[in-house]
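When you get a sec, could you build the whole thing from the sequences and use the hints?
There are 6 protein chains.
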Amino acid sequence: MTTQDHLKKAEKSRYERGWEKLLEIDGDAGESVIKSLKNIAPDLGRYIIEFGFGDVYSRSGLDLQKREIATIAALTALGNAQPQLKVHINAALNVGCSREEIIEVIIQMAIYAGFPAALNAMFVAKDAFFERDRNNITSA
Amino acid sequence: MTTQDHLKKAEKSRYERGWEKLLEIDGDAGESVIKSLKNIAPDLGRYIIEFGFGDVYSRSGLDLQKREIATIAALTALGNAQPQLKVHINAALNVGCSREEIIEVIIQMAIYAGFPAALNAMFVAKDAFFERDRNNITSA
Amino acid sequence: MTTQDHLKKAEKSRYERGWEKLLEIDGDAGESVIKSLKNIAPDLGRYIIEFGFGDVYSRSGLDLQKREIATIAALTALGNAQPQLKVHINAALNVGCSREEIIEVIIQMAIYAGFPAALNAMFVAKDAFFERDRNNITSA
Amino acid sequence: MTTQDHLKKAEKSRYERGWEKLLEIDGDAGESVIKSLKNIAPDLGRYIIEFGFGDVYSRSGLDLQKREIATIAALTALGNAQPQLKVHINAALNVGCSREEIIEVIIQMAIYAGFPAALNAMFVAKDAFFERDRNNITSA
Amino acid sequence: MTTQDHLKKAEKSRYERGWEKLLEIDGDAGESVIKSLKNIAPDLGRYIIEFGFGDVYSRSGLDLQKREIATIAALTALGNAQPQLKVHINAALNVGCSREEIIEVIIQMAIYAGFPAALNAMFVAKDAFFERDRNNITSA
Amino acid sequence: MTTQDHLKKAEKSRYERGWEKLLEIDGDAGESVIKSLKNIAPDLGRYIIEFGFGDVYSRSGLDLQKREIATIAALTALGNAQPQLKVHINAALNVGCSREEIIEVIIQMAIYAGFPAALNAMFVAKDAFFERDRNNITSA
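Protein chains in written order, with full-length UniProt numbering: chain A, 1 to 140; chain B, 1 to 140; chain C, 1 to 140; chain D, 1 to 140; chain E, 1 to 140; chain F, 1 to 140.
It is worth saying that the hints were derived from the structure and are not from the lab.
Where is the CB? At the ideal position from N, CA and C, for every residue including glycine.
A few of these clues could be false.
Calculated pairs, BS3-like style, for lysine-lysine (alpha carbon to alpha carbon, straight line, at most 27 Å) [claimed, not checked]:
1) K126/B to K86/F
2) K12/A to K21/F
3) K21/A to K86/A
4) K126/A to K38/C
5) K12/A to K35/A
6) K21/C to K126/D
7) K12/D to K86/E
8) K35/E to K12/E
9) K12/D to K12/E
10) K21/D to K126/D
11) K35/C to K86/A
12) K38/E to K12/E
13) K86/F to K86/B
14) K86/D to K126/D
15) K86/D to K126/C
16) K21/B to K35/B
17) K86/C to K126/A
18) K21/F to K86/B
19) K126/E to K35/B
20) K86/A to K86/D
21) K126/F to K21/F
Listed next, the stretches of chain E that the computed footprint assigns to chain C, with coverage defined by at least 3 CB atoms under 8 Å from CB atoms of chain C [as the list claims (entries may be wrong)]:
22) 30-38
23) 62-74
24) 77-84
25) 107-121
Laid out in structure tokens, this is it:
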């Protein structure tokens, strides 16, 4: 292999690590976000995979359950990212958080970001739980 | 006791549960916030104790380490609450989170709230860790 | 009564005071928010009643019209709480604010939070006023 | 003319300059926002025209392409003004920015406001581009 | 006078109305903001006077006390405008609001924007009240 | 070289491209941010270099002046990132924007994020310009 080939391989490796992590955490919903970027800004999807999942979510030092707790807290507090919040409520359940834990995080955000932020996030959780029940997803 | 006395006692009980939880989590820094409200708005301090700690942080369903992870994530993302972030970085250490976990949460927020929010929070963590080292606080 | 019974009564009293205040201010819309939390996070609804309405809105020192002016201003500025803004535009009318006052508050927010925030809030007001007219609510 | 007439004329002149600038930049979409305010808060529409376009967008010192780049960046970062973002993605194209430039600005916002803000803005851009293609708007 | 002269006069009239309103509401603190813009962006100061005070604060339909209640609520909720919040806490007192009303507005914001926003605003109020006491400002 | 060596080289190459871009745009101020992260979270600094500058700022499709215009707009609007805003006001001047253009972007943000956000950013610009004058930085 030429050096150029090795460079491509390294990028691919970071991409592949990210892609596996994305599928592990977000499942189909993550893949669907990446697909929806394909004919407008595929590189934004690539950065989500490479930086978001290949770099950050692949780090040690904080387990995946705590990572998802942190993400749900942040997205609830920011209040302007409901589609991403739904993806990560499912992600939290996928990596083993309980529904009760998710509800507790959202309630706690009333203290830090106010009741409207908590309310709007809770209704997203309600939708996400309802869809899982309807689709017989049994993990949580 | 008259009913009125019992009512006061009930409120006091909720207050006392909150006060104990506040001291367990935030330690002196929490007490100092409440004191600083005394001659301007003592009721705001009372609500922090009663609602924040007596109601929410006293709930089961999410352990204190995960609660503090959630709070650090939210305050990092909101970006306009640096004094409170510092209190909760110390709180996270007080309840058994590691410095590494706190750093990981803040790094992860770069994905959801951008690098400036993560940077500004990291410098708060740097200050908090430095003060603990200087004061020989050994828990973490 | 045992002390335990009195404690329960005190909590109930705070809840009841909040519930009455909620109905006075928000009417059916408030009740409907609480109901929608019932099978996901009833305690979040309880905190809205107890803390939001039993504690804060029941305070003296600021009349209800000014309280609603403040809430409309805040929700317009935050810009991520449109369902709650609609509830409080109706609440402001319920406690005696005029439509003109609500419109003025929203216009003024263009100075502090920008024109998009003011515009999006104004369209919520337009909806709320339209619904009141359609339902022949005559208070304002 | 009396002084009163001249005053009215001056205001009208500022209004007219703004109106022309609004049509040049935002086209029909701008006009439609103003119209939708007519029976609720026409003065808010007048301020958008007079202050927003008659004062600010009519200034020299920054060309219209850079002004629209700035607006798209801000609305992407704020994340709570999607209808206005769509108007200004079209505006940017109307004044000569390329689709690629708009996509680049939105990708860059992932650094400063996080990936959810960038993602949600990108989907607004996707919609806007799709509508232009469907309507055979050929400028960009 | 030529038409050009009349145009200038009309602008001056709007400016003068705004300047008087600014002094009435904000007093020296408002004047000092305008002065501090003089050698960097005097037009931004002019827009604050003309649009902020000449247009909006001069409107009828909402009295000045309610206007200041709305502004304090918004600046507390936004949480990133502490110098402006201080100016408007003084402004509220200047137009006849009581200290108690200001404290109540800030406490209420804990419901809508969270406790950190309310806390940080309360400490600004504490500073503002302290300075007024020290300077023997007797209005409130 | 083993494949492992090539992988490291590829990462290094992305890092080096980012580092050169960071120095070109932000100069010493950028380097100083990275250094300040060294003993707390060096990986956050590495991601700024690799993702922020190696990936995003190295992209074609938007020239560096427009990239800095976008960043100043976003940081002004967000209002909670004043240290980063100062770095990028200097960066904008470094890549050839004029002081007038920076002032215009900040004034324009009054429309989208309100006057307090514009005011606070303008005072950051005033500081940055003053320091450049004092240090005889002649580029702008």
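Distance restraint between K86/F and K86/B, which requires alpha-carbon spacing of 27 Å or less: holds, 24 Å
Against the 27 Å threshold, does the CA-CA distance of K21/D and K126/D hold or violate the hint? Distance ~26 Å between K21/D and K126/D Cα, so the pair holds.
Do three or more residues from the segment 107-121 of chain E put their C-beta atoms closer than 8 Å to C-beta atoms of chain C? Satisfied; 7 residues make the cut.
Within 27 Å, alpha carbon to alpha carbon, are K126/E and K35/B? holds, 13 Å
Quickly compare the C-alpha distance for K126/F and K21/F to 27 Å and report which way the hint goes. holds, 26 Å
Sort out whether K35/A lies within 27 Å of K12/A, counting only the CA atoms. holds, 18 Å
Given the hinted pair K12/A and K21/F, is their Cα-Cα distance within 27 Å? holds, 23 Å
Are the Cα positions of K86/D and K126/D separated by 27 Å at most? Given that 27 Å is the threshold and the Cα spacing comes to 10 Å, the pair holds.
Tell me if the straight-line CA distance from K21/B to K35/B falls inside 27 Å. Holds. K21/B to K35/B sits at ~16 Å (cutoff 27 Å).
With the threshold set at 27 Å, check whether the alpha-carbon distance from K21/F to K86/B stays at or below it. Distance ~33 Å between K21/F and K86/B Cα, so the pair is violated.
Are the Cα atoms of K86/D and K126/C separated by 27 Å or less? holds, 21 Å
Straight-line alpha-carbon gap K35/C to K86/A, limit 27 Å: holds, 22 Å
Violation of the numbered hints given earlier is confined to hints 6, 7, 18, 22; the remaining hints are satisfied by the structure.
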